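2 protein chains.
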Amino acid sequence: MTLSQSTLDELVAAGVSVRTDPDVIETYSHDRSPAPYGLALAVVSPADTAQVSETMKWATRHRVPVVVRGAGSGIAGAATASDGCIILSTAHLNRILDIDAPNMLATTQPAVITAELDRAVAQRGLMYAPDPGSVEICSIGGNVATNAGGLRCVKYGVTRDSIAGLEVVLADGRIIRTGRRTVKNVSGYDLTGLFVGSEGTLGVVTEIDVRLRPRPVGLSPVIVGSFTDTAAAGAAVAQVMSANLEPELMELLDRRTLTLIDDFKHTGLEPDAGALLVAQTTGTSAIERAAVIAELFTTAGGFDVIVSDDAAEAEQLIEIRRLAYPAYEHAGAALVEDVAVPRSRLADMLAAVDEISARHGVTVASVAHAGDGNVHPTFIYERGLPEVPDEVMAAAEEVFRTAISFGGTLTGEHGVGVLKKRWLGEDLGADTLAVCHDIKGALDPLGILNPGKAI
Amino acid sequence: MTLSQSTLDELVAAGVSVRTDPDVIETYSHDRSPAPYGLALAVVSPADTAQVSETMKWATRHRVPVVVRGAGSGIAGAATASDGCIILSTAHLNRILDIDAPNMLATTQPAVITAELDRAVAQRGLMYAPDPGSVEICSIGGNVATNAGGLRCVKYGVTRDSIAGLEVVLADGRIIRTGRRTVKNVSGYDLTGLFVGSEGTLGVVTEIDVRLRPRPVGLSPVIVGSFTDTAAAGAAVAQVMSANLEPELMELLDRRTLTLIDDFKHTGLEPDAGALLVAQTTGTSAIERAAVIAELFTTAGGFDVIVSDDAAEAEQLIEIRRLAYPAYEHAGAALVEDVAVPRSRLADMLAAVDEISARHGVTVASVAHAGDGNVHPTFIYERGLPEVPDEVMAAAEEVFRTAISFGGTLTGEHGVGVLKKRWLGEDLGADTLAVCHDIKGALDPLGILNPGKAI
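Residue numbers (UniProt numbering), protein chains in the order written: chain A, 1 to 455; chain B, 1 to 455.
Quick caveat, the hints were computed from the structure, so don't treat them as lab data.
All figures in this text were calculated on a predicted structure; none of them were measured in a lab.
Examples of chain A residues lying across from chain B (beta carbon under 7 Å, computed): (1) P102; (2) K184; (3) S198; (4) S242; (5) P342; (6) R343; (7) G373.
So the derived label-pair ranges between C-beta atoms look like this: (8) A351(B) with Q316(A): 51 to 61 Å; (9) D438(A) with G332(B): 46 to 56 Å; (10) H437(B) with A50(A): 24 to 34 Å; (11) A50(B) with Q316(A): 55 to 65 Å; (12) D390(A) with H437(B): 44 to 54 Å; (13) R119(A) with L97(B): 43 to 53 Å; (14) E387(B) with D438(A): 33 to 43 Å; (15) E426(B) with E355(A): 53 to 63 Å; (16) D438(A) with Q5(B): 29 to 39 Å; (17) T20(A) with D98(B): 53 to 63 Å; (18) E426(B) with I287(A): 48 to 58 Å; (19) T259(B) with A50(A): 46 to 56 Å; (20) L219(B) with A122(A): 30 to 40 Å.
C-beta: ideal position from N, C-alpha, C; glycine also.
Just chain A, with the same shape it has in the complex (with noise of 0.2 Å):
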């Protein structure tokens, strides 16, 4: 596709910021993901949502595709650039507009930092409860294409169940708003549900109505306990699941995670674990169901269990599972994958991930939010190769096949992005995923948002 100057200069004179540097587009033309990319025309920046409008009705009118990019933290090429698209930076939208307390909404634009969402809603005793292990570098607005998880998750749920409502830019350029400001509603379909998680595929998301939670008041005690093997530890889980104990936070490092962190960092961490649980309650009664959580750790055959409601301490502990992608990161080249299966299966798909990593010899570490069954197998291989090796991708296939036959996904809170859009037909049925494909038909009629991508 060719683009002359005069017709980006329409975009210009309606007063968008149009860049075409080649630096400037190489740099945002990827995410985080090993991904491959195309060449943009241009990095279009609108100001505010009417700018998005004028971008969209003049991308309808040249059919250009739209790429829509915001922290680029993503991790399964679903903001890479195609050929010839431009790419829609919502950088300019990073404000929060406003903080509803008595109704615990807030309302912000899209490029807003996850954490320093939550931190300006802390000031008034809220919480915004979705926490990807992202959340200091993504944003909102990313959250809401991915329909991001996170840790706290297990208690809270993921990105959807926090959105109240959106602002959307269509394809044509219409404004239009999804949702309410109100707890229930049932007008119209539920298109903000289906916004989230569309991985900019279907409009441009320029507002977001978040839902908040009164943030947790006194201790929040952090359990952890060691297992000779997954199993043992996967029992453990289902049991803290099935009793009412509400824990914030409930996961899982597997024994090569454990290893990699004490190479790491020399933690001295357990070396006869095969896992590690790490697990958090917050709000009443916090401290006496941390107690009955450590007591079930121990009756599945836990050793080594703490509890610990210092602050300081706790915060230390959580910090072991925090350090596993740093350490991954530390032994090689990572591709972190992302199934999740029904909770009573966890432990099979920890066992089946070992067995994959074995035969095909490649090295695979796992954590897991382990309350929810999302595992996340981390591919680690020699740094700095053009592309993943062949036995990774073959061994990332299987694992994402392994899932499916468990009754799980390829995907339980990354996205499909590029990476993985030729298993979805497998993951969904052809059925499903050709009424996804109807969906886009009548929201995009001519194919311009994020081609290629999600579905």
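Chain A is fixed; fit chain B onto it per the hints.
Relative to the frame of chain A, chain B by itself:
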């Protein structure tokens, strides 16, 4: 539309139950609303998903409108017959297919009564949370169609929040699965959320995977407080909802409701009370949280505040709330409305209802799922009239417009059906409504699924 007997015989030949007896058709042609209805051709009762698929293929072939009907307990006219349609009764799809306790999921056919589903899973220590007022007579399929609410929503969310996935027969007879038996899943668009609340206009739901929760154990104290007016009660609700106390019930009865209940049952409810709040806590630390709620009630000006953790007495206190609708129906014909507003506008909404009631000279009594800002103003008028009196409709219309002007909606949990369609454009905005129609067109290009309803 005319349809020859030979055409219907094709369905009979496929083994599907087809009834054309006028009495049967009449019985299945309406719901519990005063909505007008048309003349259906037949009542078709498939025995399984395959027969639903055969029915939809047949309907597509002959372009026959299909109105899906569950228990007929709807009150918005979403399942009423249109001229020339067939009524697709789900009555034979009435089995719970699976209870998967480890993953806290159940799979059910749509005609299962909601309360029966909850009782079945209770035997496994689990709970199906959403509990519409009609829980003993409504079907889970109808709950999915309308995204039904209920009393426990204040803690657990609406029906959509408890649906993991669906089996849906599309307009052309294709059978798809949406969602997943996992906690997290971001592959493909959120079709599950889209079908929930679509009132039979996008597909026929034939199986439902519901999310269950651990059933609360231990004492479940009830807190009751009287207030001089709804403003004071509204302030108390706001305090409780901001304080992380997680009530499982937070209901408000207005003065007229209390009077009507007293007329009906001579309960001796405080005649000076302008509003009564009924709350309940369940689970860990329920007693402690109930005490805090009682304190907040008192601080906010509540009087005669009672906390009861005696199961029988607690049940009696909740029974007061359950008497509201019988009391309304004792007093006359009742049109139950269903506005929802941001929680902070609850008292404003109740005041506006009183003012509108007085100005139009119509009797309106309100109960509210107060913690959710969901108000049911019920218009009580002379029994036996052929239709709802003009002054009642005029007052109801003002109530809707007031709710919308407060940032609310004209339906929080009952649905749009036919009764509220004429205000939907005002509620959603024209472009948002147009997107709903685009999606309808993509999934049901011939427009045979519940034509004229919901959007």
